[in-house]
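Visitor: Sequence:
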Amino acid sequence: MSGRHRLAISLASSVGLLGVTITSGLAVLANRFVEELSRPHTLIDESIFTWEVPRNTIEPPSTLQRSLLFETRDGTLLSGDFWAQPHPAPTVVLCHGYRTSRSHLRTVAGLEYAHGYNILFFDFRGHGESDSVTTSGGNAEVRDLEAALEVAALQPETLPQRVIIHGFSMGASVALLTPPRPEVVAIVADSPYAHSDDILRRLVHYQLTQESKNWRTSPRTLQRLWLVVAWLTVFASSFVFRFRFGYDVVAHPATSFRRWRARTKVAHAQRMIPILLIHSAGDTLIPINHARQIADEAKLYGVPVETYFTEDQCHCGAYGYNPEEYVNVLQRFLARYLHDDFPNLRQKIDENM
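In my numbering, each residue's number is its place in the sequence shown (first place is 1) plus 11.
Keep in mind that the hints are not guaranteed to be accurate.
SDA-like, lysine to any residue: derived pairs with alpha carbons at most 20 Å apart [as the list claims (entries may be wrong)]:
id	residue 1	residue 2
1	310	300
2	310	170
3	310	259
4	310	257
Restraint ranges, calculated between C-beta atoms of paired labels, are given here [unchecked claim]:
id	residue 1	residue 2	range
5	77	234	26 to 34 Å
6	299	355	26 to 34 Å
7	351	239	55 to 63 Å
Think of the hints as simulated: they come from the structure by calculation, not from any bench. Treat the numbers as computed from the prediction; the structure is a model and nothing was measured. Think of the CB as a built atom: it goes at the ideal place given N, C-alpha and C, for glycine as much as any other residue.
All chains, please: the whole structure from these sequences, using the hints.
Guide: Next up, the structure:
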């Protein structure tokens, strides 16, 4: 065998070995990432997710509070609470974010209850007091919200077709992923993602950056390397997740409106659910370009969408940036679509009857 042939075989073997090594390493990273992403009842690192919620809100008396336990169509048991007004009213369904729970929204519930709404808030699967099953950060949780909406509509204090979804972060994204339902009159989406693969890449990149802080390699070199590794990890993770759990982990709320339009045509319905889209311009966890993508897609398919963007730097930071303005924007939006069932007006009508 000539020296040239031996060199070619040696190079081919080296490239093959390198390919196997890279593929194996990528498979390990992908499996690790899927394991962490889907693991239930794990709290998020608060250093990357801090946002201000209302303080010193008043809860209804215990006679108007009731605990809920309900089941999704795939058999997952969810835990929640319903706070009833003393008279029929619209019901707000609150949806928490990834790796938090409904307890984080308790003061939000108090604030909105004080404005005359019934409140249903619950724990998504793998969160809080709900079943300890696989989480996906979006797609699987659609079943949870569908079940919560059915329960909300069945409460005797809920006015017909007057259910409002108010979601934060993952909860906002799930609200946009959920097919339109007749009981839902409006959606308030605070800081949703448009495409979760971008957020997953950011999380992988953040984790790799944190774990390599003490390395001697140039930070700039590592940053470039981790961008590539993050992209490949999420790409591989999508296959691993589908193989293990049978459905996609990557969710695309921004593409939901095409399906919304198709469903309304099939059902011969004319009404599209209006959306109030809220986001902070300086959000580094879910950048504001996600909100802009969602707004553009909604308009393209004829979905009524209003935006409220603030200059805050925090994820879900619009309320903390200007609490009074946040509430005013929310109330003006809901008044446009609740009409005579807007809580203040409804109470006056009931008093005059």
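Visitor: Taking the hints in turn, state whether each one holds.
Guide: Going through the hints against the structure:
1. Distance restraint check for residue 310 and residue 300: the Cα-Cα separation of roughly 15 Å lies within the 20 Å cut-off, and the hinted pair is therefore satisfied.
2. The straight-line distance between the Cα atoms of residue 310 and residue 170 is roughly 29 Å, outside the 20 Å bound, and the hint therefore fails.
3. The suggested pairing of residue 310 with residue 259 is violated, with an alpha-carbon distance near 26 Å, which exceeds 20 Å.
4. For a cut-off of 20 Å, the pair hint linking residue 310 to residue 257 is broken: about 33 Å separates their Cα positions.
5. For residue 77 paired with residue 234, a C-beta distance near 51 Å fails the hint of 26 to 34 Å.
6. In this structure the supplied range 26 to 34 Å holds for residue 299 paired with residue 355, their Cβ-Cβ distance being about 32 Å.
7. Distance hint for residue 351 and residue 239: a CB-CB separation of about 57 Å, consistent with the stated range 55 to 63 Å.
Going down the numbered hints, you'll see the structure goes against 2, 3, 4, 5, while the others check out.
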